[in-house]
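Participant: Using the sequences and the accompanying hints, generate a full structural model.
As they're listed, the protein sequences go chains A, B, C, D and E. Letter 208 of the first sequence, counting from 1, is numbered 208 in my numbering, and no numbers are missing. Letter 105 of the second sequence, counting from 1, is numbered 105 in my numbering, and no numbers are missing. Letter 367 of the third sequence, counting from 1, is numbered 367 in my numbering, and no numbers are missing. Letter 77 of the fourth sequence, counting from 1, is numbered 77 in my numbering, and no numbers are missing. Letter 13 of the fifth sequence, counting from 1, is numbered 13 in my numbering, and no numbers are missing.
Source of the hints: derived by calculation from the structure; they are not laboratory data. Glycine is no exception: its CB is placed at the ideal position from the N, C-alpha and C atoms. Please note that the accuracy of each hint is not assured.
[As the list claims (entries may be wrong)] Cut-off 25 Å, straight-line C-alpha distance, at most; resulting in silico cross-link-like pairs (BS3-like, lysine-lysine):
| no. | chain 1 | residue 1 | chain 2 | residue 2 |
| --- | --- | --- | --- | --- |
| 1 | A | LYS78 | C | LYS219 |
| 2 | C | LYS522 | C | LYS219 |
| 3 | B | LYS253 | D | LYS115 |
| 4 | E | LYS265 | C | LYS596 |
[To be verified] Label pairs and their in silico Cβ distance ranges:
| no. | chain 1 | residue 1 | chain 2 | residue 2 | range |
| --- | --- | --- | --- | --- | --- |
| 5 | B | THR275 | C | ASP619 | 53 to 61 Å |
| 6 | E | GLU82 | D | ARG29 | 50 to 58 Å |
| 7 | D | ARG29 | C | SER45 | 21 to 29 Å |
| 8 | E | LYS72 | D | LYS100 | 40 to 48 Å |
| 9 | D | ARG114 | B | PRO145 | 50 to 58 Å |
| 10 | A | ASP23 | C | ASP619 | 54 to 62 Å |
| 11 | E | LYS72 | A | VAL18 | 47 to 55 Å |
| 12 | A | ASP23 | B | ASN65 | 29 to 37 Å |
| 13 | C | THR334 | A | SER160 | 49 to 57 Å |
| 14 | E | PRO111 | A | GLY112 | 31 to 39 Å |
| 15 | E | GLU82 | B | PRO270 | 55 to 63 Å |
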Amino acid sequence: MKSDNPFVPHMATLREAVELTPDVMLFRIDLDDPDLKPDFSYQPGQFVFVSAFGTGESPFGLTSVSYRRGPLEVAVRKVGTVTGSLHELEAGASVGVRGPFGNHFPLDDFRGKNIHIIGGGIGFAPLRPVILTILDHRSDYEDLLILNGARTPQDLVFASEFDTWAASPRTRLELTVDAGDKSWTGRVALIPSVVRELNLSPQNSVAVICGPPIMIHFTLIELKKLGFADHQIVTTLEGKMKCGLGKCARCNVGDKYVCKDGPVFTLEQISTLLEQF
Amino acid sequence: MSQTAQIRQAARELLQGKAVECVIGYERGTDGVNARPFFAYEAAEADRLIFDQTCTHDLAKYLLNRKGKSTAIVVKPCDSRAINLLLNESQIQRDKLHIIGVVCPGVVERRWGTPGAKQLNACQVCQQHTPVVYDTLVGQPVSEPAVADPYPDVAGMEAKPADERRTFWEEQFSRCLRCYACRQACPGCYCPECFAERLDPLWVGIRIAPGENEVWNTMRAFHLAGRCIGCYQCEQVCPVNIRLSLLNRKLEKDVLGMFHFQAGMDAESPPPFSTYQKDEKLGIGE
Amino acid sequence: MARIGVFICHCGTNIAGTVDIGRVVEAAGQMPMVVHAADNKYNCSEPGQALIRDAIAEHRLSRVVIAACSPRMHENTFRKTVAAAGLNPYLLEMANLREHCSWVHSDGKEAATTKAIELIRMAVSKVARHEKLFPKQVSLTKRALVIGGGISGIQAALDIANSGYKVVLVEREPTIGGRMAQLDKTFPTLDCSSCILTPKMVDVAQHANITLLTSAEVKEVKGFVGNFEVSIVQKARKVDHAKCTGCGICWQKCPEKAPSEFDMGLGKRSAIYIPFPQAVPPKPVIDTANCRYHKHLRFVEEKREGKPPPQCRVCEKLCPVGAIDWEQKDEVLTEKFGAIIVATGYKAFEPAVYAELGYGKHPDVITGLEMERMMSASGPAGGDVTRPSNGEHPRDVVFLTCIGSRDEQRGRTYCSKVCCMYIAKHAIILKEHYPDVQCYVFYMDVRAVSKDYEEFYKRAQESGAIYIRGKVSGIRQEDGRLVVRGEDTLLGEMVEIPADMVVLAVGMEHSPGSAELAQALKVSYDINELFIEAHPKLRPVETMSDGVFVAGACVGPRDIPESVASGSAAAAKVAALFSQEFLTTDPMVASVDQMKCGGCLLCTKVCPFKAIDTQVLRDGRTVAVVNESLCKGCGLCVATCRFGAANLRGFTQQQLLAEVTSLWQ
Amino acid sequence: MAIDFEPRIVGFLCNWCSYAGADMAGTARICYPSNIRVIRVPCSARIDPLLVVKAFQLGADGVLVAGCHPGDCHYTEGNYYSRRRFALLYPFLEYLGIEKGRLRLEWVSASEGRKFSHVVSSFTEGLVSLGPREKVPAEGALP
Amino acid sequence: MRQFISKQNLISWLRQQMEARQLVAPTQVDDLILFRRIDRVDDVILQFQNTATSPKEWLFPKTETLFHVERKDGKAELIPAEIDGETVIFGLRPCDARGITMLDLPYLADPADTLYRQHRQKTVLVGLSCLTACPECFCESMGSGPEDTAALDIMFTEVRDGYLVQAITEKGRSLMPQALLSPAETVKPPAPETAPVPSEGITAKMRQAFDGPYWGRVADRCIHCNVCAYVCPTCYCFDVRDYTNKGSVERVRSWESCQSPGFTKIAGGHDPRANKGARMRQRFSHKLLYFPEQFGPLHCVGCGRCVRACPVNIDIREIMQDVQRMGAPK
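Facilitator: Below is the structure:
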């Protein structure tokens, strides 16, 4: 049934649930309404609310890109009741989708620049559409650096795509973990120190960061030291959300709503916010 | 010297001597009639402190926000029991605390803008007019009156037939907005996550409706069994006047009757659910 | 992703005869998350189990409900079944369709079927919230600590050592041997106590697996079963036992004498001494309270007026190996143990509270233990029983029983068990030694309940001892003798018996410091400061604190055979514990969510197993933390925890709530 | 009162005594009414009063809590604590209008199959005569 | 044109309304006066200052189903909730009616909150102007006043033996049968004056006062009881979760308050606004800064309920005075 009630989600079906890490699942979701699909376009950085009926709904950044016309993809880490219920679902299950909401990464502004993608843990997931967009339109952008970090090697998301990314032209993939294991031969370091070590150049560059608050905090410090200006740093803010419409007055940081004005902000914008999170 | 003057003097000395960072007491509120809580951080602020029969708040609740910080606090006898409760439950440190105990003749129901005329129900049957724990005592200890029936309200409710009681509580609980003001005001409510807000297990559903409200109110009271110190804060803050004291006092009465225990009279006695007597007769399972 | 399989057992006709299995299978198949529901003639049979294993594979089941008999019957069977199919064994739940349904509702097929479906629904709801659980393996130190070197501790230490494990035996006195070493003869066989005890003491000293620490006490106990860390205070002896050869010159030449504790003050010993000739280790200690040199040192130190006493130091001068070490201090040793046996024994009741009996006032009123020392051939009197007042042999000896026992007012409520028998022994031996002695025994009841005890008591009577049933109301001195006044309740009249000696059959009491030790060990003790065993009948040498065992009279009055038996029993328990490579802990135990813990610490107070400790987090909060090795999974902490921080694996709040909720779905 | 009223009883039974006692009733084929739904817990001390309150909210007509006899607790003292907890909850629920007779605490040992059956029978009878609980509507109309 | 209705006719009119639709009006509940559904006209209270809680719950219920989830053949289907039946709310004080315009701003802004819109469309708002001012009221400083007719369909003003009637909207006029009315002969009584509060320029001042120790000091005594938000006619925060009962699932929205301890805590435990002062500031910033910047008016109508209800006397009037006095930050 169609409804103009903005709280009533679109019905959708879970096509596939793929285990990305021991506690992160990638859900591929098809909207049920065939008429809706052509209009359902979205940009990297936007998010949707996904409903697990019986528990509730939570917002998740989309990890797919709209122009590929595939199913909607979200990466869900099991942290609470909604994510717990979603993890219990089997392919074929009914879910609800509301959205897309929020602003997006300013990919137009990224054209012709070197892009540094820095993501930690599940925070790397919403950066994937940025990577895909750049790789699919490779000539529009200069060098691409992808830095993906996690607590352990098992916690690195999208590991199956690393080879493809690393083999792409003018693309460098760096992986790091907080704690390695027997099979891990790569870096064991925290993301901020990797940023320092890689000595990223601010020249004609933007840095796109997403991850846990503490990681963002220290990575920003390193980037500033390397000479990145506030407008060259793009990140996302997280806030508890209930509506996605700027109505429930919950996700605001000062006078800005994360759900409407965000979640993507440049550091320049963040520094003008009234509240500091 | 009036109680207000004594409190001011004690507070001034404590703040001047840097014995404490802060004195929690009462000052006059914006209606010019009622008291409101006041945190004095400097000796100069001591003169804002007051004490009179409008000082209804149980300030002990604020100590939960000042863990580890040296604090002086003005307490009435019932509030002093809250301090013992919190000490017993390892929530606060006695050595960080300077307790200014006030001998209390009873306080009045809070009414905005006009001096309250009616003493709180609890005060009418109060048997503790001198604080049970203090460092500075303000006022002269009084001999405690013998109260023949400290629980007339509870007895009245008990005497009603079951269906009448049920109807009464159904109506009361149906009013509940689940704003949780009762919890927020209670010195004994300090769970890091209240069971009512827990999502897993989900004890109380999101609907603000009688069935869910009943679970909330029943278990809120039961979690205070043997712990409620009778400060009446819950009932006073309830925006829809639910008779929460009738719940708490029923449990208080039964705890006293069954286990001979009153919460907060000292900081050491084991609370009723943390001890037992092997051969006690409790009228159940016998 | 929960893919639940439900297997409904016919149990022949046991279930199928009453419950409509077809309907149950159909209903189960409709339940949420159930992807497979099937019935089985006998789930527990090997073919039945094979069907379950196959279905788990075929339907990729992630959780299993077995609807069959009581889980008390077959839960373990089916855990193994699902484990064999590659599932975590704890992802199983049973619905009890037999004991709780078909067998008790055979009169109503319809109702039984409805109930069976609901029981399965509850199990399905619960199993959906099961989590994988893993028993933990904890390494263990295969080394035992025995506290107390009496006969019980000696026996335990020897048995453990003989099983091939290392033992440390801690005794607070300078020698092991305990109370038994003080006894003359033992009832009912009358063999000489030290003759049977001292060889065992020597065995202890010589056993390669036993480390003996005398003059030592347990101070602090940390850790838990398999991994205790115990601090032991080795008290300063002022004699270097590594050098000392036990030649005896020092204690023979020491000029200062003091009452001998071992002889109950009846004899004297020197200030540097061994408690008795057969002491183990046979090396002396200096009693600094009485040592002349120490008196001198104290005099100087306290800057007292007058002339200081002489610095004797005779022992030091005479010691051929230079073993005297005035600088020796108390030392704390911290050692790791896997198990602890408490065998701290008893002390004799102090009879002074019975003022009417005049103990301490009339020299000829003595205790049973004093009589033992008097009778002992190696005792201060060489076995010659004489009246302390005048050194003459007594003619009339009166024994009073139940001194300190069976007396709620002034003594202990319990019967001390051994007094009746040692009095009989005294009476028999006295009569043998001194045929003209007349023994009288005032008694309440004669309790002679072990093998050969009744006969032994008869023998005492036959030897001429006169048993008078009744209590004594007073003893007075008259013409250099004692007159014992009491009531003969059988005759119903007052009697007065003139006596040369009165022996008080004092009972047994906890040894001093029992409560402190119990607290350190986290073992419960009763109002009499006696240790409480885990179960009085079925687990008599275990305690509620895992890895801590009890032997001998620290649990309650015991005679020598019982003490020896319990020592061996405790040793067997330790050996069984040590025979494992690892300790495997049951995963169905409690846990505390530190984020939710408000730190009221009530759980730490109520836990019957003292399995909850506290921990200070980095943010400064103090929270409860469960020691999984000690937790027994009762769940008391869960109901106690208002915060909802404590939970019990296998019976979580979520699981139980799901069961309740499923009834109204 | 409707004759065919079938009360719904939630029974929390401790594993070591009362659950075993219920098993014993089964083994001995002692019939009792089928109204009880048993939830196994390790010890009566495990039972959070919240579970009982929740059962009543959902619509239980009666709740039975059964454990080892005092002194017989498998965990030595759990049931002493549950006795206190339920001794207090019992009059409190009555005060809230949940009649006496809807919550029962019983001590049933592993050998007392007959007692268990008797407890369930008499409890069920008592609930039948009390009739269905007038449930607090979960939905709740607006005031 | 003002008309007159006798008290008797007003009662009959209320009875007609009660029979035709749901009538909500102030009524006595124990010692409180609350807006409740009226089953007996006699229960309607005509003489009162104002109700303990605001009438917003009749348009923005404290708990409301957004949609039901029906399961068919393993597939879920959503049945959106609809508001059926009309309601008349009688006895709204002008400030509370003004409060409804505050709810309108976020909820009717595109995309409109459908349920709220339905409530709004199916509800007739009947006001009762104030003849005396509550001591804690400051409506006139907040753009309302004793005779403010914002959001109202009909306004009654009590005079001798009856009421002056002012049908403001078409909806109101259609509901007011002329037969019950007569021309007004009595003059309108003078409106009471309310105590002034310095609201002028408060938004700019709030921005200046944002940082600094002030909010922490005020928050010291705040117990985060949420009562202010629950009695407020303009607060509109809510929580949304699914509610399962006896197997049926629905998505439910219930009131919540920005002062509640877990309001901004996200799954995983992080709470960006865990600080008491920041939480306190959020309430007043929303009322006096964010809302006016987003929608225009201050988010307060000066009804004074929070002033009266706050157990620790956190008084928005005092806060506005303090903020006005505060200089620009360093």
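Participant: For each hint, tell me whether it holds in the structure or not.
Facilitator: Hints, verified against the model:
| no. | hint | in the structure |
| --- | --- | --- |
| 1 | A:LYS78 / C:LYS219 | violated, 47 Å |
| 2 | C:LYS522 / C:LYS219 | holds, 13 Å |
| 3 | B:LYS253 / D:LYS115 | violated, 33 Å |
| 4 | E:LYS265 / C:LYS596 | holds, 14 Å |
| 5 | B:THR275 / C:ASP619: 53 to 61 Å | violated, 31 Å |
| 6 | E:GLU82 / D:ARG29: 50 to 58 Å | holds, 56 Å |
| 7 | D:ARG29 / C:SER45: 21 to 29 Å | holds, 23 Å |
| 8 | E:LYS72 / D:LYS100: 40 to 48 Å | holds, 44 Å |
| 9 | D:ARG114 / B:PRO145: 50 to 58 Å | holds, 55 Å |
| 10 | A:ASP23 / C:ASP619: 54 to 62 Å | violated, 24 Å |
| 11 | E:LYS72 / A:VAL18: 47 to 55 Å | violated, 28 Å |
| 12 | A:ASP23 / B:ASN65: 29 to 37 Å | holds, 34 Å |
| 13 | C:THR334 / A:SER160: 49 to 57 Å | holds, 53 Å |
| 14 | E:PRO111 / A:GLY112: 31 to 39 Å | holds, 36 Å |
| 15 | E:GLU82 / B:PRO270: 55 to 63 Å | holds, 56 Å |
In summary, the numbered hints that this structure violates are 1, 3, 5, 10 and 11.
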